[in-house]
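Visitor: Please build the complex by placing chain B on the supplied structure of chain A, with the hints as guidance.
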Amino acid sequence: MGHGPAVKLGRDDAAAFKTKLGVKMFVVYTIVYFTFVIINATNPKAMETVVLGQTAAVIWGFGLIGLALVQAVIYNHFCTKAESEMNKGA
Amino acid sequence: MIYAQSPLAIGLFIAFVSFVLGLSFYLGRKKSTAASYYAAGGNVHWFTNGIAFAGDYLSAASFLGICGMIATAGYDGWMYSIGYLAGWVVALFLVAEPMKRLGKYTFTDALDSKFNSKPIQLTAAVSTLLVSVFYLIPQMVGAGVLVQPLLGLPHWVGVVIVGVVVTIIVATAGMASTTYVQFFKGALLLIMSTVVVVMVLFRGLSTTPVNNGVAYHDFKPLTATADLVISDPGYSVVAGLDSAFGKAGFVKLAKDNKETIWKFEKTDAGYNLEQTLYVTTKEDGTKLYNGAAKEAGEFFPVGHIKELRMNGKDVLTTGAVGPLAYLSAIKDSTIVLWGKKYVVNGHEKTEVFYQKPTPGTRVLRPGLKFKVDNATPLETFNFVSLMLALFCGTAALPHILIRYYTVPSQAAARKSTIVAIAAIGFFYVLTLFLGVGAMTTGVINLTDNNMSAPLLALSFGVVLFAVISSLAFATVLGTVSGLIVAASGAVAHDLMDNFLDIKMTEDGKVRAGKISAVVVGCIAIFLGIKFEGMNVSFLVGWAFAVAASANLPAILMLLFWSKTTAKGIAASITVGIVSSLGLILISPDMWAVYGLIPKDAPIHFNSPALISIPLSILTLVIVSLMTQNDINRGHAVEAA
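For the record, the sequence lines run as chains A and B.
Okay, so the first sequence: first residue is 1 according to this note's numbering, each after it adds one.
Okay, so the second sequence: first residue is 1001 according to this note's numbering, each after it adds one.
Here chain A stands alone, though its shape is the one from the complex:
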């Protein structure tokens, strides 16, 4: 059988913590993303509203792209911290 990782991986005691954090982060982004989709689908005219000198649609677009990056950096910060604390003995 050809299963198992291509390289040998060490034990990861932080895996459970990272999974829980990942799910929470995912839920937050999913709620924001589908709020955006539903507004577009049900009230697209609202996306013409001018906010900070731009249409709301442009602000939402930049916001979603920015949110993905900010959440990713936060996620990495906590995962790295958890790995260094929980995997000391591994």
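Since the hints were made in silico from the structure, they are not lab data.
Hints are supplied without guarantee of correctness; some may be wrong.
[Claimed, not checked] Sample of chain A residues at the chain B side, in silico, Cβ under 10 Å:
id : residue
1  : 47
2  : 61
3  : 71
This one's a predicted model, so the numbers in the text were calculated from it and none came from an experiment.
Built from N, CA and C at the ideal position, the CB exists for glycine as well.
Guide: What follows is chain B alone, placed relative to chain A:
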């Protein structure tokens, strides 16, 4: 002709292709093992892998398709950017680390890691193959689109060039050469796209754009009396209000032996006439562009601002502006977009492109392509379904998932995904400026909007065009090579090695992978020629729908539901493939591909994800609950 070949462009293209081939031969000079062929030995640095992710992901669909769609339909094209990026959130938070932990070379390995199940090996391999082939089609179409202006060669030659070059890249060194080709291509794409956007912002906006030193076409309106006497006496009426053209809202006029088509609008005094562009298809299949052969150059590029407003004032030009001021000026202005109508006259069919002045606020919000204003429930369903497919598709694309096996650890898998999100997110911000830039600088080819980004570069001169076009071609090379590695892994590793248990030496496994790569390359060439002319981003939407329906439910349920069984996974993949593919094949857009009338299609939506994903999940849950004994038996064996 909208563009002509330049020796510089040809030279750059040849130099780039020679470079990637040289790199592949260099990396392929060492003896290959299965681990190096499929996973580049698993020791690629996370930053390199992150940029290679971007190189892999920013395909022809992103660079050509999205920019083209924004150029012609505004914000709706950017919805693809937003959806594609959101998909990376799923990949990072839910899939990246477990995929790295569970798999070896392919995504099938990860799915099958707990079970060693033949049905999983078969269905996941078939799914990988199908998604890869679906994704290959738009890349090959993009290649064909590019070689026409770049090298002056027909569509099929571009497809064949990409097919052959990529097959050589993959067959020489597999994932190692693919990774470095994607790394260079991803980095160059980001740098050069930034250069073009900076130049667009420095040039600013103007009501009279200049395209590579050539002034924009002068759209002089005409008027006519109620009995169609034209204000310019040089014009005579060829087809009036009672003709097929008249019934569609147009009149055909002639001046100096040149025929033109005008859109009319009724006024109190008679008619206002606006010039159109048109393509006539004769009975024998010959096409005339604005009444002449393509080479005559009568079919000019378009895209302009009708009324330009900046800081509340009407202006003719803005001069250099910042990115936010640029978008703000677009929002306050009136942009001329283009509508399309068909007029059938006997055995002749004419495609008429007419001006549609559109407020900037309308351009910078959804609704010009997607039917969301006063939409029927079915139209709303179609839109939400597409956005769901984009959200769920990324983390289920086999050629993206295999990149998790090229890094040494789970932390490296996570960090490379974050680099990918930063690089891809930045690029998608740029696509808005590239698309709107093309929309307003008179560079759009109305018969093929896929070329909008390279033609925007051409408006700054042939050097930038040559660089961007070569890069766009490299974009196709990078993505296609990743797809062919994924597909060859499905055949040689999942099907031959695991499913069929064919005993192979290490050399034999690599050889099987290379032969599979050649076969998949040939299939991709055939399909790339067959699907000429379709918007590449639109085609990628289908690949996302199949991947999201067939693969993602299985991946997520395996990770997060302990009652998942092997039979549940295999059934879910099968239902996901059959339902998504089945719905696509009977969709209105596919009806148009068959040459039938789209409204006669059995279903009236194009995106199947909102049906096929829940169906796939439901199947997995039901079948898993029905086969819980398999798990219990497995535990008993383990205990023994």
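Visitor: Now, for every hint given, state plainly whether the structure supports it.
Guide: Now the hints, each set against the structure:
Here the hint on residue 47/A is kept, as its CB sits about 4 Å from the closest CB of chain B, short of 10 Å. For the restraint placing residue 61/A at the interface with chain B, the shortest Cβ-Cβ distance is roughly 5 Å, inside the 10 Å limit, so the hint holds. Taking 10 Å as the C-beta contact cut-off toward chain B, the hint placing residue 71/A at the interface holds, the least distance being around 7 Å.
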